[in-house]
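With these hints in hand, go ahead and build the complete structure from the sequences.
With the working numbering applied, the sequence shown covers 5 to 558.
Cβ pair distances, simulated, as ranges:
1) Ala470 - Ser42: 15 to 25 Å
2) Glu35 - His403: 24 to 34 Å
3) His403 - Ala185: 25 to 35 Å
Derived from the structure by calculation, the hints contain no laboratory data. Since we're looking at a predicted model, the values are computed, not measured. Don't be surprised by glycine CBs; every beta carbon is placed ideally from N, CA and C.
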Amino acid sequence: MDRRRFLGSVAAAAAGAGAASLAACRGRPPELPPGELSGTSFELGHRLRDADLATPDETREVPVAIVGAGIGGLAAGWKLANSGFSDFLLVELESEAGGNSRAGRNAVGSYPLGAHYLPLPTREATAVRELLAELGVLQGDPRALRPTYDERYLCATPQERLYRDGRWQEGILPQAGADAAERAQYRRFFEQMAVFRRRRDAAGRRAFALPMALSSRDPELLALDGISMRDWLHAQHFDSPQLHWYVDYACRDDYGSNSATVSAWAGIHYFACRDGEADNADSDTVLTAPEGNAWLASGMLRSIEARVGERLLNGALAFRVALNEGRPQRGRVTIDLWLPAERRTLRLLAEQLIWAAPLFLVPHVFGGEPALGAAARTYSYAPWLVANLTLSRFPDDRHGAPMAWDNVLYGSSGLGYVVASHQQLRVRPGATVLTWYRAFAEMAPQQGRVLLRDTPRAVWADEILAELERPHANIRQVTTRLDVFRNAHAMARPVPGLIGGAARQLFAADGERLRFAHADVSGFSLFEEAHFRGVLAAERTLGRLGIRFNSSLS
Numbered sequence: 005m006d007r008r009r010f011l012g013s014v015a016a017a018a019a020g021a022g023a024a025s026l027a028a029c030r031g032r033p034p035e036l037p038p039g040e041l042s043g044t045s046f047e048l049g050h051r052l053r054d055a056d057l058a059t060p061d062e063t064r065e066v067p068v069a070i071v072g073a074g075i076g077g078l079a080a081g082w083k084l085a086n087s088g089f090s091d092f093l094l095v096e097l098e099s100e101a102g103g104n105s106r107a108g109r110n111a112v113g114s115y116p117l118g119a120h121y122l123p124l125p126t127r128e129a130t131a132v133r134e135l136l137a138e139l140g141v142l143q144g145d146p147r148a149l150r151p152t153y154d155e156r157y158l159c160a161t162p163q164e165r166l167y168r169d170g171r172w173q174e175g176i177l178p179q180a181g182a183d184a185a186e187r188a189q190y191r192r193f194f195e196q197m198a199v200f201r202r203r204r205d206a207a208g209r210r211a212f213a214l215p216m217a218l219s220s221r222d223p224e225l226l227a228l229d230g231i232s233m234r235d236w237l238h239a240q241h242f243d244s245p246q247l248h249w250y251v252d253y254a255c256r257d258d259y260g261s262n263s264a265t266v267s268a269w270a271g272i273h274y275f276a277c278r279d280g281e282a283d284n285a286d287s288d289t290v291l292t293a294p295e296g297n298a299w300l301a302s303g304m305l306r307s308i309e310a311r312v313g314e315r316l317l318n319g320a321l322a323f324r325v326a327l328n329e330g331r332p333q334r335g336r337v338t339i340d341l342w343l344p345a346e347r348r349t350l351r352l353l354a355e356q357l358i359w360a361a362p363l364f365l366v367p368h369v370f371g372g373e374p375a376l377g378a379a380a381r382t383y384s385y386a387p388w389l390v391a392n393l394t395l396s397r398f399p400d401d402r403h404g405a406p407m408a409w410d411n412v413l414y415g416s417s418g419l420g421y422v423v424a425s426h427q428q429l430r431v432r433p434g435a436t437v438l439t440w441y442r443a444f445a446e447m448a449p450q451q452g453r454v455l456l457r458d459t460p461r462a463v464w465a466d467e468i469l470a471e472l473e474r475p476h477a478n479i480r481q482v483t484t485r486l487d488v489f490r491n492a493h494a495m496a497r498p499v500p501g502l503i504g505g506a507a508r509q510l511f512a513a514d515g516e517r518l519r520f521a522h523a524d525v526s527g528f529s530l531f532e533e534a535h536f537r538g539v540l541a542a543e544r545t546l547g548r549l550g551i552r553f554n555s556s557l558s
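Structure (structure tokens):
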């Protein structure tokens with residue numbers, strides 16, 4: 005069966021569903037849908053490990069180099085361009101900018117390959133609000149207590165639901181089977197999170213702010229970084245299995261790790277840091293689009309290009325960085341790049357370097373900087389799997405709450421799926437894309453990476469469809485394509501000791517010629533953190549260059 009033409013024709017879709025049903029009746033499993041297995045650049049990244057790259061054959065001088073065009077790098081470029089500074093170059097390994105906020109596209113529409121929403125930004129996230137105002141999504145004063153947001157980006161209702169025991173419920177906090185004692189624990193848990201959300205220290209800082217750098221340094225609060233979130237729950241006499249599942253799900257969703265391996269500081273931060281409000285939406289509403297957070301990445305790139313022209317060099321692997329190397333380059337940072345499309349190397353000499361790539365690359369790239377390499381090796385990274393299922397129509401559903409934007413399966417290895425076309429609000433939905441996520445929190449990160457590397461797409465496709473058959477009996481019949489995207493080092497894991505540790509503080513410092521601008525500097529991967537780190541690095545860089553600017557962070 006030609007499933008590409010099958011997608012484009014309603015008649016062919018009906019015929020395909022019938023053929024698949026007949027195959028199932030005859031005892032043969034339906035044919036797996038076609039698709040691709042892709043991901044971050046495994047092969048190019050491994051060139052760093054193999055260290056077989058040639059000496060550069062060209063040298064360019066640039067005042068500011070930004071390595072990494074994910075959200076942190078784009079935010080740094082965005083702030084430099086907004087400040088009237090144009091002498092910088094953005095360097096990116098992948099074929100397009102965006103990092104974890106990239107998107108895919110097909111005949112049905114756009115869909116995320118990673119991050120897919122942004123909570124209503126807090127008042128502390130001033131730079132994020134400034135960006136949203138520039139993009140026309142936040143309307144009015146970006147520093148207002150309750151701004152108005154463009155309705156097209158406010159997640160349409162219903163926003164989330166949970167599948168358990170053959171039925172869908174509204175929301176993802178388990179309700180069915182929760183007795184009076186468990187519900188009392190629910191109330192007590194959220195009351196404690198509300199106390200943390202309201203708490204201020206003597207300096208007026210919030211206990212848990214977003215961005216996290218603005219959080220209180222109270223020793224009592226920092227001590228929470230020394231234990232796991234699961235241990236904190238037990239210490240507070242929370243023993244409800246359903247509450248533990250809910251908190252564990254939150255940790256897997258934001259941190260790629262379970263509550264036993266996430267620090268209590270990070271776990272509580274998830275629940276206590278978000279207090280953004282809107283004049284035209286409930287506080288728990290999120291901002292989203294069919295392509296996930298790619299609209300934010302592309303918006304920053306467009307803003308840069310509109311102000312200072314093209315500044316992005318794609319497909320370039322930074323394989324060597326040296327500070328203060330040699331007398332002729334004294335006062336410069338040397339960055340050697342491998343350009344695989346041209347099969348040659350390029351050397352950049354920069355006055356200032358903003359490293360906005362993940363920190364796990366640092367030990368392989370920064371020569372003569374053992375302290376940085378040792379600090380980076382203390383980090384641990386969660387692997388991640390994203391699958392996009394293109395459907396000829398919405399699948400049959402079980403009883404209970406109707407299809408939502410975010411659909412979670414209780415007790416599943418996956419995190420559930422989001423509906424890329426949810427914002428389109430069609431009365432009778434046609435073809436759509438479901439974006440399914442999995443964090444390998446049940447195993448050691450290296451085991452997850454080996455699994456990602458060695459598992460064929462067909463195996464992933466069959467496992468994903470088998471999982472989704474629980475709530476959608478005909479998912480195989482209506483799936484016309486299934487693409488799998490692998491990210492071996494998707495996000496830093498905020499394990500106990502990382503947030504308050506010396507290694508993270510080293511990367512947060514302002515160097516003479518070098519500063520780090522990836523979300524890893526915060527210890528976990530959130531859009532707000534990456535954006536803050538990029539803007540902060542840009543403002544520090546402008547300060548080092550003696551250039552006046554209006555701060556986006558005060």
